[in-house]
Amino acid sequence: MNTSTLKNSAVTLTANDLGAPKITLRQRLARHPQLFTLALIIAVCLVVGAINPEFFQLAMVFDIVRASTVLGLFALGVMIVLAAGGIDVSFAAIAALTMYGITKLVMTQFPETSMVVILVAGAVGGTLLGVLNGLLVDWLKAPSLIVTIGTQYLYRGILLTFIGTVFFMNVPHSMDAFGKLAVWRHDTATGVHAVLPATVLVLVAAAGLTWWLLNRTLMGRAVYAIGGSLPIAERLGYKLRTVHLFVFGYAGFLAGLAGIVHVSSTRLANPFDLVGMELDVIAAVILGGARITGGSGSVSGTLLGVLLVTLINNVLILAGVPSTWQKVIVGTFIVLAGAVFASKRSS
Amino acid sequence: MTSTTPIPAAKAEVFLQLEGIHKRYAGVHALRGVDLTIEAGEIYHLLGENGCGKSTLIKIISGAHPPSEGRIIINGQPHAALTPLQSLALGIETVYQDLSLLPNMSVAENVALSEQLVAGNGRLARRFDRRAVDATAARALAAVGLPSDPHFLSTRADELPIATRQLLAIARAVATSAKMVIMDEPTTSLTQKEVDNLVSVIEGLRAQGVAVLFVSHKLDECYAIGGQAIVFRDGAKVVQGPIANFTKAELTHAMTGKQLDGGRYRSSRAHADGDSALLRVQGLGRRGYFSGVDLSLHKGEILGITGLLDSGRNELALALAGVQGADSGSIFLDGKEITLRNPGDAIAQRIGYVPEDRLSEGLFLDKSIRENIITTVLNTLRSRFGALDANRAQALAEATVKDLQIATPDVDRPVQSLSGGNQQRVLIGRWLAIHPRVLILHGPTVGVDVGSKDIIYRIIQRLAEDGLAVVLVSDDLPELLQNCDRILMMRKGQIANTFDAEGLAEETLYRALISDSKVAA
Numbered sequence: 000m001n002t003s004t005l006k007n008s009a010v011t012l013t014a015n016d017l018g019a020p021k022i023t024l025r026q027r028l029a030r031h032p033q034l035f036t037l038a039l040i041i042a043v044c045l046v047v048g049a050i051n052p053e054f055f056q057l058a059m060v061f062d063i064v065r066a067s068t069v070l071g072l073f074a075l076g077v078m079i080v081l082a083a084g085g086i087d088v089s090f091a092a093i094a095a096l097t098m099y100g101i102t103k104l105v106m107t108q109f110p111e112t113s114m115v116v117i118l119v120a121g122a123v124g125g126t127l128l129g130v131l132n133g134l135l136v137d138w139l140k141a142p143s144l145i146v147t148i149g150t151q152y153l154y155r156g157i158l159l160t161f162i163g164t165v166f167f168m169n170v171p172h173s174m175d176a177f178g179k180l181a182v183w184r185h186d187t188a189t190g191v192h193a194v195l196p197a198t199v200l201v202l203v204a205a206a207g208l209t210w211w212l213l214n215r216t217l218m219g220r221a222v223y224a225i226g227g228s229l230p231i232a233e234r235l236g237y238k239l240r241t242v243h244l245f246v247f248g249y250a251g252f253l254a255g256l257a258g259i260v261h262v263s264s265t266r267l268a269n270p271f272d273l274v275g276m277e278l279d280v281i282a283a284v285i286l287g288g289a290r291i292t293g294g295s296g297s298v299s300g301t302l303l304g305v306l307l308v309t310l311i312n313n314v315l316i317l318a319g320v321p322s323t324w325q326k327v328i329v330g331t332f333i334v335l336a337g338a339v340f341a342s343k344r345s346s
Numbered sequence: 000m001t002s003t004t005p006i007p008a009a010k011a012e013v014f015l016q017l018e019g020i021h022k023r024y025a026g027v028h029a030l031r032g033v034d035l036t037i038e039a040g041e042i043y044h045l046l047g048e049n050g051c052g053k054s055t056l057i058k059i060i061s062g063a064h065p066p067s068e069g070r071i072i073i074n075g076q077p078h079a080a081l082t083p084l085q086s087l088a089l090g091i092e093t094v095y096q097d098l099s100l101l102p103n104m105s106v107a108e109n110v111a112l113s114e115q116l117v118a119g120n121g122r123l124a125r126r127f128d129r130r131a132v133d134a135t136a137a138r139a140l141a142a143v144g145l146p147s148d149p150h151f152l153s154t155r156a157d158e159l160p161i162a163t164r165q166l167l168a169i170a171r172a173v174a175t176s177a178k179m180v181i182m183d184e185p186t187t188s189l190t191q192k193e194v195d196n197l198v199s200v201i202e203g204l205r206a207q208g209v210a211v212l213f214v215s216h217k218l219d220e221c222y223a224i225g226g227q228a229i230v231f232r233d234g235a236k237v238v239q240g241p242i243a244n245f246t247k248a249e250l251t252h253a254m255t256g257k258q259l260d261g262g263r264y265r266s267s268r269a270h271a272d273g274d275s276a277l278l279r280v281q282g283l284g285r286r287g288y289f290s291g292v293d294l295s296l297h298k299g300e301i302l303g304i305t306g307l308l309d310s311g312r313n314e315l316a317l318a319l320a321g322v323q324g325a326d327s328g329s330i331f332l333d334g335k336e337i338t339l340r341n342p343g344d345a346i347a348q349r350i351g352y353v354p355e356d357r358l359s360e361g362l363f364l365d366k367s368i369r370e371n372i373i374t375t376v377l378n379t380l381r382s383r384f385g386a387l388d389a390n391r392a393q394a395l396a397e398a399t400v401k402d403l404q405i406a407t408p409d410v411d412r413p414v415q416s417l418s419g420g421n422q423q424r425v426l427i428g429r430w431l432a433i434h435p436r437v438l439i440l441h442g443p444t445v446g447v448d449v450g451s452k453d454i455i456y457r458i459i460q461r462l463a464e465d466g467l468a469v470v471l472v473s474d475d476l477p478e479l480l481q482n483c484d485r486i487l488m489m490r491k492g493q494i495a496n497t498f499d500a501e502g503l504a505e506e507t508l509y510r511a512l513i514s515d516s517k518v519a520a
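Each protein sequence line maps, in turn, to chains A and B. The numbering of the first sequence is numbering that gives the first Met the number 0, which starts it at 0 and goes up by one. The numbering of the second sequence is numbering that gives the first Met the number 0, which starts it at 0 and goes up by one.
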């Protein structure tokens, strides 16, 4: 037998014979869950805009983008951990520890440190704490939820016990300047200042980097492989430890950056900040189409999920919706998303 | 792989050699000094009962576990142990029963990502070249007769039927230029047609110098494929040689150490005593799957139902078990019309259903044997205060274990600690607990070794003799011929033929199975 008989011997099948025939709306949504997120965003915008036409203006868009930045950085980190089949709930504690520790160090020891050095320090600090998460998950073979609940307390305890509890009303010059820096400024006829802050660039760069890592490197494929099935990926020769260290380290890296961005844009370093955002972030990632069971998640979906949560948290006020109702709406959307994304496979 | 030094020309090129391999797990001596030689371009059938060391051997060759002692020599290079990546890099592709496909990734990635991983020696800090992956995958897919258009390449692996996934796993072996392919029970979930296709693809690989190692319980298939038989028993190799040199009885004897013939288990025709059927089905149908099915089943009768995977046989079984109710026609039990809309309805009518996939549909693997057996009868095991009566539960479980010869020291062991054949018996025992009038067995010996098969067949016969009406849904033709009174052949959602199993030739049944139209019985 030779190659040609090998080819002929097999049945001639077309793609349509082999499943994936007609794609139903449900399947399309299962493949591109961000379409659903996008639809929700459009619906929220139309409703709010119809009730309050003030909504449709540039200043509002910029405000939402500004409010999305920290949430977005966290969400990208959580998404990549979820894609690898784990979960991280310590990111806010990592961000708080790095941002406060670095701000205090700069304020008291090196007040003239440049913004670039501060950002790098935040990134390195966050990465180290994230890598510690990864090492613990790998050594203990423990569920990452439990490990990161533990380290979340640990990091926060270290912050409050050893570094400080008093918040800084003044932040270093370079951070202050970075927070005020505008990429683009527009004054409308009515005298409203629309400012696109430079901090947004950090999110844009992080989103680009995350997309590239996930889609253009073998590491990115390994993340999805391990999230799809850990035992199979191990059998196929993927190194679990490397991937674990990478995803938790990367989530820590983004959390460190998020902490610095947070201090810069609020011009305040409060050690009690950020912690408590965990569920908002995880909600945004889930609304962006990542499955809690791992193996999926995209940058575009995550950013849309972040946008949706930010919209609900910030603009429903404009439509006269009381702020307590925001939780109800986010909750409803998550349940709805859960129902839509769950594509039950026929046996 | 291509850079290895050429081996001096020999008559047959040796690819892999195992020397004195021992493997000890905590307290268990799983392999006891195995020597094995695998030559390029040869097909091997690794035979043996569950627990004989086959799986351990495969894990050692594929690098999943290190041996406790001994050497693995590949292309003349000795290794004390292999890692999964080393094994892949040396050209060994292992297709486990779950096919080692990543469910959430595309066809192209499943086929060709391994090649990139191996090329980079497992380093992940490398660029992922999607176009190279697509090109490699397209080439490999074409070689196994699968489509290679962009739509198929981007389809998720879990959206494909099992036969296609099986071919996908082979395409991965082609993509990594494997020198040896190990397949663990590759034909278990395939129909005869799909098996034929798989075998011809494998034969193509062999012709190109790839060594193929099959693990299978289906002896007939091994004979049809040909090559070398390797028989393991109790962690040691007991027989090796061309499979054609052995009779089935000899191989079975080597595997079990006992003499088992392939003869018919069914001796009497118990249903002749009464003419009124226990179960009667008229014009039963489920849109898109089967229609107009008439059948009758007598007390003590064993009725076989077979057909290709898409013939509607599975759906008919599920409808009779109330798992997926029929949407037309009627079912009469003991002359009374009944409706079966969910498994609860069927249990209430004392119709038991032992599903095909015992691992995912039937058993709670991490729960004890006792808990698995009593699940269908929890209501009847209530004590006065509404709690579970532990003594009666224990008694029921112990009686079942004894009755069905389940090999276990006690009923508290988790089901996953049992071998496949014993697991299957736990599942049958669960349904016997409801004292069924009708028992539907769906592929009762899938993935079960010969010794256990024998026990299960004897149990089925005894049940029928006790007056139980048994429906046996299976694609294992010898199994049907050995056990049934009558065999219904389904085709395109309808009953195409009814055969009297006594004296029926397997060839006749097989021809009916693969033919497109009715054949004379």
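Please note that a few of the clues may not be correct.
[Claimed, not checked] Think about it this way: if two alpha-carbon atoms lie no more than 27 Å apart in a straight line, the pair counts; the simulated BS3-like pairs of lysine-lysine are: (1) B/LYS58 to B/LYS217; (2) B/LYS401 to A/LYS238; (3) B/LYS58 to A/LYS140; (4) A/LYS179 to A/LYS103; (5) B/LYS401 to B/LYS366; (6) B/LYS247 to B/LYS192; (7) B/LYS192 to A/LYS140; (8) A/LYS326 to A/LYS238; (9) B/LYS401 to B/LYS298.
Read the hints as simulated data drawn from the structure, not as lab findings. All values derive from a computational prediction rather than experimental measurement.
How the hints compare with the structure:
The hinted pair formed by B/LYS58 and B/LYS217 meets the criterion: a straight-line CA distance of about 21 Å does not exceed 27 Å. A C-alpha spacing of about 46 Å is found between B/LYS401 and A/LYS238, which places the hinted pair above 27 Å, so the restraint is violated. About 22 Å separates the Cα atoms of B/LYS58 and A/LYS140, which keeps this hinted pair within 27 Å; it holds. As the CA atoms of A/LYS179 and A/LYS103 are separated by approximately 20 Å, the hinted pair is consistent with the 27 Å bound.
Taking the CA atoms of B/LYS401 and B/LYS366, the gap is near 19 Å; set against the 27 Å cutoff, the hint holds. Pair hint B/LYS247 plus B/LYS192 holds up; C-alpha atoms about 23 Å apart against a cutoff of 27 Å. Taking the CA atoms of B/LYS192 and A/LYS140, the gap is about 44 Å. The hint is violated against a cut of 27 Å. With a C-alpha separation of about 40 Å, the suggested pair A/LYS326 and A/LYS238 falls outside the 27 Å cut-off, and the hint is violated.
This hinted pair checks out: B/LYS401 and B/LYS298 have alpha carbons roughly 25 Å apart, not beyond 27 Å.
Comparing the model with each earlier hint shows violations of hints 2, 7, 8; every other hint is respected.
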